[in-house]
Amino acid sequence: MEPILIIRNLRVAIEGREILRGVNLEVRPGEVHAIMGPNGSGKSTLAAVLAGREEYEVLEGTVLFEGKNLLEMEPEERARAGLFLAFQYPVEIPGVTMATFLRTALNEIRKVRGLEPLDPVAFLKLARERMEWVDIDPSFLQRSVNEGFSGGEKKRNEIFQLLLLEPRLAILDETDSGLDIDALKIVASGVNRMRSPERAFVVITHYQRLLNYIIPDFVHVLYDGRIVRSGGKELALELEERGYDWLRPDSEEVILPTVDER
Amino acid sequence: MNAAELQSSLVASFRRLEQEQNHRPWSPHHPLRRRALEAFQQLGFPTTRHEDWKYTSLAPVLRYPYRVELPPLPEPAALGAQLPALHGMPPVQLWLLNGLAHPEQLPAQVRFASFQTAGDSVPVGHILPVDSETFVALNTAFAPDVAVLSWRGHVPELCHVAVVTAPHGEPQLAHPRLSITVEPHARAHLLVGFHTAGQAPCLTNFVAEVSLAEHAQLDLVLWQTDPHDTFLITTIGVELARSARLRVWTVALGGALLRNNLYIRLVGPGADAQLFGATMVTGRQVIDHRTLVEHRVEQCTSNQLYKSVAEQEGTVTFTGRIHVYPGAQKTNAYQSHRALLLSPKATVNARPQLEIYADDVRCTHGATTGALDEDALFYLRSRGIPESRARALLLHAFVHEALELLPEEQLRQRADELIAERAHLPAESLS
Ligand SMILES: Nc1ncnc2c1ncn2[C@@H]1O[C@H](COP(=O)(O)OP(=O)(O)O)[C@@H](O)[C@H]1O
Ligand SMILES: [Mg+2]
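In order, the protein sequence lines correspond to chains A and B. At position 69 of the first sequence (counting the first as 1) the number is 68 in numbering that gives the first Met the number 0, and the numbers step up by one without a gap. At position 25 of the second sequence (counting the first as 1) the number is 24 in numbering that gives the first Met the number 0, and the numbers step up by one without a gap.
If you're looking for bench data, these hints aren't it; they were derived computationally from the structure. Backbone N, C-alpha and C fix where the C-beta goes; we use that ideal spot for every residue, glycine too. Accuracy of the hints is not assured; some may be wrong.
[Unchecked claim] One side only, chain A facing chain B, incomplete, derived with CB under 7 Å:
{"id": "1", "residue": "Ala-50"}
{"id": "2", "residue": "Leu-70"}
{"id": "3", "residue": "Glu-71"}
{"id": "4", "residue": "Pro-74"}
{"id": "5", "residue": "Glu-75"}
{"id": "6", "residue": "Ala-78"}
{"id": "7", "residue": "Arg-79"}
{"id": "8", "residue": "Ala-80"}
{"id": "9", "residue": "Leu-84"}
{"id": "10", "residue": "Val-90"}
{"id": "11", "residue": "Ile-92"}
{"id": "12", "residue": "Thr-103"}
{"id": "13", "residue": "Ala-104"}
{"id": "14", "residue": "Ile-108"}
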């Protein structure tokens with residue numbers, strides 16, 4: 000099957016410092032890829048560049064999303080094309096209610112999918128159903144986006160949005176960090192519910208823990224701006240045991256990245 | 000015409016009116032009017048050299064040869080249809096047409112009187128001294144009428160006063176005036192809307208004196224959304240007795256130049272004043288808010304929250320003074336002006352002024368001016384919302400905060416729609 004996402008030799012800098020130093024990745028429909036790596040290795044940078052943050056400078060490389068040049072698209076076009084990022088740090092937006100925000104977003108996305116906009120009643124019905132899946136109280140629809148939400152609520156809210164917007168490719172940036180085991184299970188079950196042959200996931204995480212609940216097809220290690228190793232789900236366990244140091248580019252065991260060995 | 004010429008032309012008009020007495024109820028306050036005119040002659044029009052007018056030049060306002068004589072008046076009934084700004088608003092219960100009062104169906108518990116009916120017994124100058132400021136003096140000298148409204152008991156019904164300046168082919172200067180009393184324990188809801196009907200340049204110089212008795216409550220909404228390029232200066236003085244409660248919302252979106260002077264005097268312990276402002280300027284609009292909250296006695300509270308957005312070449316000015324008198328212990332006074340500056344040619348001036356002469360006082364103020372939150376913008380866009388819509392949502396949310404507590408659902412919704420319109424946000428997305 001055609002990949003949803005192809006990243007080739009992506010080099011990205013911010014404030015003159017190169018953060019991603021040649022990333023290669025292919026994601027096909029139905030697959031779950033985990034990207035692991037120590038803090039500061041560039042995981043969030045990769046996610047942000049894919050979602051369209053403008054302050055990053057792309058030095059080199061291409062990103063194709065369903066065959067289209069992703070880097071040329073506005074953030075909202077990417078979302079409407081089916082890309083979704085669950086933020087590591089969801090943003091608080093005082094004064095904009097969840098209902099207004101998500102009905103506007105959903106109707107924009109429905110428009111490009113050729114669907115009629117949902118009226119407030121139909122939206123409410125759908126939103127309530129999806130909120131239940133991740134155990135968020137429907138009263139949150141009347142609250143300002145993320146304002147005053149606890150850390151866990153913010154993360155579950157990201158997954159709720161994923162469930163509502165039904166993207167083709169979802170990138171989860173450390174959605175597990177700061178969650179207790181129950182919240183983690185809720186988040187994972189939300190994601191698992193969405194797994195389908197048409198949809199793909201890139202799960203960025205620092206710990207192996209989440210991958211007990213969202214079983215990945217592939218695990219990649221991002222280290223200092225490069226994918227230094229790729230493997231199956233066992234790689235996550237190995238990382239859990241051995242840490243990341245043995246993968247340091249100057250360590251003996253280094254395995255240079257190759258373009259997708261599958 | 001310039002300010003000095005306008006000043007002498009106004010003085011000449013005064014002399015003429017004095018003789019002709021074209022304003023019917025001219026006489027009861029004749030000595031007071033004379034004093035006011037003298038004050039006006041002495042004070043002159045303020046320039047930007049005056050500390051209180053540092054950021055707002057009246058030059059563009061004072062260049063027209065305004066007439067102060069009353070032109071033929073339009074029919075209030077016909078006016079309603081003529082003023083688009085009244086659409087979606089509650090019915091008008093009192094018109095001030097070029098300053099003359101025309102009551103319609105006022106709520107039963109609201110007593111109405113005016114110069115025309117009550118003459119001498121109408122209070123004038125009891126809250127705002129006639130010789131204190133140019134525009135108060137001018138209004139006192141020329142006001143053709145004073146509409147007196149007094150509330151007794153709890154009147155849940157909103158009272159809507161429409162202040163309309165209707166020129167007749169030439170520039171018009173109007174002096175509408177209100178005198179408001181809320182009696183002990185009474186509760187009042189008042190909406191004052193400012194409009195112009197007609198095309199010639201207009202300057203509306205509005206004055207209101209408001210007196211809140213013990214435990215009285217007043218919710219006052221000032222509706223300044225007129226789409227015309229007109230000039231409006233309002234001066235409102237409010238005195239609050241023991242445990243009285245005042246809330247004022249100023250919705251300032253329209254007009255070429257607006258200046259609002261809001262003077263609050265807390266003279267009874269336990270009095271509380273809350274002032275809110277929602278302001279948006281675009282084009283070359285100038286909107287200038289000046290507030291003064293005087294804590295004259297102990298245990299009073301006050302709060303000011305103004306939210307402003309300046310686009311294109313617009314200017315917003317906020318000067319907020321809190322004055323805590325000696326002995327006004329246990330005062331709580333807050334003030335905040337938050338502004339979004341959306342274009343390099345727009346201007347925001349914010350000046351908090353605190354004068355505190357008591358020691359057991361909690362007083363905070365804050366003024367911020369910034370751009371839209373880029374992270375919030377990106378978050379919205381990353382969910383598929385187009386940039387323009389995302390901006391509009393954020394703008395609307397920003398301004399709306401100042402109106403959150405507005406109790407009248409209809410007004411809050413209408414204000415929301417107008418703000419949304421200004422932010423280019425389709426109304427259907429407000430749900
Ligand atoms: N907006 C930014 N401005 C400056 N430096 C940044 C910015 N975003 C990321 N960085 C830097 O890029 C590096 C990678 O960060 P990040 O992508 O957040 O890593 P990770 O998500 O893997 O922890 C870090 O050294 C970080 O300080
Ligand atoms: Mg990160």
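For each hint, the structure was consulted:
A cut of 7 Å between beta carbons decides the hint on Ala-50 of chain A: the least distance to chain B is about 5 Å, and the hint holds. Of the supplied interface hints, the one on Leu-70 of chain A is violated, with its beta-carbon coming no nearer than about 15 Å to a beta-carbon of chain B, more than 7 Å. Hint on Glu-71 of chain A is violated. Least Cβ distance to chain B is approximately 15 Å, over the 7 Å limit. With a least beta-carbon distance of about 4 Å to chain B, the hint placing Pro-74 of chain A at the interface is held under the 7 Å criterion.
The interface hint given for Glu-75 of chain A is met, as the beta carbon of that residue sits about 5 Å from the closest beta carbon of chain B, less than 7 Å. The interface hint given for Ala-78 of chain A is met, as the beta carbon of that residue sits about 4 Å from the closest beta carbon of chain B, less than 7 Å. Proximity of Arg-79 of chain A to chain B holds as hinted, the smallest CB-CB distance being about 5 Å (cut-off 7 Å). Below 7 Å, beta-carbon pairs count as interface contacts, and Ala-80 of chain A has none with chain B, the closest being about 9 Å; its hint is therefore violated.
Taking 7 Å as the C-beta contact cut-off toward chain B, the hint placing Leu-84 of chain A at the interface holds, the least distance being around 6 Å. For Val-90 of chain A, the suggested interface contact is upheld, since its CB lies about 4 Å from the closest CB of chain B, less than 7 Å. Because the smallest distance between the Cβ of Ile-92 of chain A and any Cβ of chain B comes to about 5 Å, under 7 Å, the interface hint for this residue holds. Evaluation of the Thr-103 of chain A hint against chain B yields a held restraint, the C-beta minimum of about 5 Å falling below 7 Å.
With 7 Å as the threshold, the beta carbon of Ala-104 of chain A comes within range of chain B, its nearest partner Cβ sitting at about 4 Å, so the hint holds. With its C-beta approaching chain B no nearer than about 5 Å, Ile-108 of chain A sits inside the 7 Å limit, and its interface hint holds.
Checked against the numbered hints above, the structure breaks hints 2, 3 and 8 and satisfies the rest.
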